[in-house]
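For the record, the sequence lines run as chains G and Z. One rule links them: number in the working numbering = place in the first sequence (from 1) + 17. One rule links them: number in the working numbering = place in the second sequence (from 1) + 17.
Among the hints, a few may not be true.
Because identical chains share one entry, a pair is satisfied inside a single copy or across any pair of copies.
Unchecked claim - Straight-line distance between alpha carbons at most 20 angstroms, and here's what the computed SDA-like set of lysine to any residue pairs gives: (1) 171 - 46; (2) 265 - 125; (3) 299 - 309; (4) 315 - 252; (5) 266 - 124; (6) 146 - 159; (7) 171 - 222; (8) 199 - 186; (9) 171 - 55; (10) 171 - 22; (11) 23 - 155; (12) 82 - 263; (13) 116 - 224; (14) 146 - 163; (15) 171 - 45; (16) 299 - 191; (17) 199 - 48.
If you're looking for bench data, these hints aren't it; they were derived computationally from the structure.
2 protein chains.
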Amino acid sequence: MEENIKEYLEERKNIVNNYLNVALEKIREDSPLYAAINYSLMAGGKRLRPIMLIATYESNVDNYKTILPFASAIEMIHTYSLIHDDLPIMDNSDYRRGKPTCHKIYGSDMALLAGDALISLAFEIISSKKLLEDFDAKSVLRIVYDFAELSGAKGLVGGQVMDMVSMDMNEVDENLILYIEKRKTASLFMLAVRVGGILANVSEDELINLTQFAENFGISYQIQDDILDEISTTEELGKDTHQDRKNKKATFVSLYGVDRSKEIARDYIEKAANYLSLYNDKYKLLIDIAYNTLERIK
Amino acid sequence: MEENIKEYLEERKNIVNNYLNVALEKIREDSPLYAAINYSLMAGGKRLRPIMLIATYESNVDNYKTILPFASAIEMIHTYSLIHDDLPIMDNSDYRRGKPTCHKIYGSDMALLAGDALISLAFEIISSKKLLEDFDAKSVLRIVYDFAELSGAKGLVGGQVMDMVSMDMNEVDENLILYIEKRKTASLFMLAVRVGGILANVSEDELINLTQFAENFGISYQIQDDILDEISTTEELGKDTHQDRKNKKATFVSLYGVDRSKEIARDYIEKAANYLSLYNDKYKLLIDIAYNTLERIK
């Protein structure tokens, strides 16, 4: 079982990586922009968001190949946010995915533009005419809307903003941290399962439950990341650690310490899984993926 | 006649401004992000890109009200590119639209995020379900694709990249400058007339001619801007001037001087207008708008 889920994650990761290479062909040229985008997008990473999208779809429909454009687009949005977040004018991080950050290699100007171009590329890939061979235009348009909403001011970017703002606050409470984690991290997981669900034509009720699953999973995942930031080394994690402490970030770890945060991370996974218990074993794959992330903080 | 076009531009500008205020309601909240977006988006500006979109549509169809979401989205993309372009890690400009640049007021981190959020907001507004009351989903999806393609690596962002790269070059030629101006500036004008044309259901041939018109107009418009950068003061222009000279940018002005550049700017407007001569007086409005921009460098 546990072996199975690790195998699944590895297989789907390779499929996503292959498709990302195909998708990058759209903008390939001999330019520092392409080099910077390729560097950051193909630098590794678990591809957890696209895998969650695929897993949601696969729990309903047998053939996942047609949905790879959407899966790769979500990884592009994720990668853009990492590139911008790592910039010296933001978190000022030197390492990411085991390598120097984009701006360390290509400069801040090119890293900024690489992030910008990745947003456009993501929307280009999910609005291609070719998708209409497999999906109806209204569903695709709804997905475009979800991408836009959950990546924007009320989603991912909104979370980054409060993440920056909270650094200057003297007191932070659990509600603020949850607000940040929901927007900053849960947004793209919510997007992943929603897109998988919309493409598979699940009911609106089921879409809501999937979204709730992803929101709670996303909160847990960010708490896990904050724990790892505190207890790991750069070598282990492939990115700068002790960043939250350095930047005085508001996290569950800063509020409750590592041990209590581990319990909270597990609680949120359980809460997440509960939203899918209605559907018997249908979403076992998603639930297994969620529990599997807890291995990171064992 | 000339009075007429000035009145038209003023009226449509006010309509665009009113709609931008409506559109911003989607993300209004008490946050520095909203404040920064509102500041830059509502700081003034001629709204030439949305007006060109409206003018293209109005040349075909009587009622422009339904297309205002698309018109406002194009101004959001334009504003995001100005905010990012003005950052200290890019052109490092202090003034824009007669006011301090976004990062001067809100900091580089918030300006970065405001730009990011504007991209998402633009795509959110052009993929709203409500648009399907007036337009078919396939057309809207095609427009999303055009927005993505022309704002991305092969459009706007690609132009910014070469604009930065050209600063370090010892020799630049006309072809490189044209490449930069097409991508950096013409892209959004091409987007504007294409979206207006697609919404008005013009033929594919007509769409190609509209696109050619906008490409040549956009090149002229950028040459005009480069001339103004060289001959104007910050007070007159509302933004930093002599930036190209300072940043050693490759422009027609640096290559041929101001007088010859004025002739070239006029030539490109004439070339642009020629693409629409097939349609008799149908696109007189667009042509008048194009010629009117030459007033700036008289």
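| query | Checked against the structure, which of the hints given earlier come out wrong? | reply | 7, 10, 11, 12, 13 and 16
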